[in-house]
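Build out the structure end to end from the sequences listed, making use of the hints.
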Amino acid sequence: MVSAAPVAARQAPYTAAVTPPVPAFPFPLPALRAALLAWFDRTGRALPWRAGREGARDPYRVWVAEILLQQTQVVRGQVYYDRFLTAFPTVQALAAAPQEAVLKAWEGCGYYARARNLHRAAQQVARNGFPDSYDGWLALPGVGPYTAAAVSSLALNEARAVNDGNVRRVLARLHGEARPSPAWVQGRADTLLDPQRPGAWNEAVMDLGATVCTPAAPRCEVCPLRPWCAASASGTPAAYPAPKVRAPVPDVPVVAVLIGTPQQAVLERRTGTLLGGLMGLPAEPLAAGEVPHDALRRLCARLNARPGPPLGRLTHVMTHRRITLHLYAGQADLPRQTVTDAALSRLDQKALALAAQPTLL
DNA sequence: AATACGGGGAG
DNA sequence: CTCCCAGTATT
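Numbering (this note's numbering) for the first sequence: 1 to 361.
These aren't lab readings, by the way, just hints derived from the structure by calculation. Just so we're clear, the structure is a prediction, and the values are computed from it rather than from any experiment. Treat the hints loosely; a few may be bogus.
To be verified - Restraint-style ranges between C-beta atoms, simulated for each label pair:
no.: 1; residue 1: 298; residue 2: 251; range: 53 to 59 Å
no.: 2; residue 1: 117; residue 2: 28; range: 30 to 36 Å
no.: 3; residue 1: 318; residue 2: 291; range: 22 to 28 Å
no.: 4; residue 1: 349; residue 2: 117; range: 22 to 28 Å
no.: 5; residue 1: 235; residue 2: 76; range: 31 to 37 Å
no.: 6; residue 1: 117; residue 2: 335; range: 27 to 33 Å
no.: 7; residue 1: 113; residue 2: 310; range: 29 to 35 Å
Ideal placement from N, C-alpha and C gives every residue a C-beta, glycine not left out.
Here it is in structure tokens:
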């Protein structure tokens, strides 16, 4: 029912400081804004990072929360938020901490580049002070268009519209758009944003998406935007937006070795983008057609260790990998670490738990 | 425009 | 099982 707004030719996606031209806007903007903000003022969630005056929140707390909440549901982010703020109450404390301590606080939360970038950015902020604009925030590592809009609207009262999964779904349904492009969503969000209360508006749209305009079974009966919603009128609101096509998840066999005990073990620091910076049991992916025991010999040769008996097998699903880990014992005269002191991925936590329960399987 | 990047909740 | 989550960096 609604045609996509034309995108300005040279405008970079995501950075839409300028609203793309919108043809005849289909809603009465003041009434729609008033309806959603009234709903938000009545039923908005009381979350720990929402303390402080509207539009003048503590930038450090807002920032940490927004990084933690990237691709992470609020209930889970809240646990890590409390843990992280206790460990690093100020940006100075975060900047002064070693990376291992930061990753330990992030342990199990996933997407560990968030923690590495946040730590690096904190060192810039401790030196230069907090950015005073959307563009300043955007320049920090780990801060993209979403986070820059969130922090600048919530802490600086800057009129910037966030574009996250909630906003995408709410606007796709409101307009009846099945395949909203990022630029389309940003344009609509910019138009809708209440410039008088940008922070509250952003939180209101996200709250609506999280609690009412949910992916599978939206509760249109209680939605303050129902009078204007094309998807609700269609009778099948859950059909908007259409599901994203996802690449199949490959199966990746891996061999790992436990040298020592599940409590005191030889650990390696992972490098690269996958689990980079975390510690873990020495491990190697199997080559094509290789059997686990041959990979174990290769791994042990690298470590100068002697291969031992199998301890078990486990599977671990990540977003884009399904790992089958074959765990063996090994012997070597190498320094061990107390595993509870190290920052480990869930995969390594599972492997150590498996080794501690050798009767299973 | 596609892909890599964790882990878990909800249906 | 599938789909999604207060996204970002890299290609």
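Hints not upheld, ascending by number: Structure breaks hints 1, 2.
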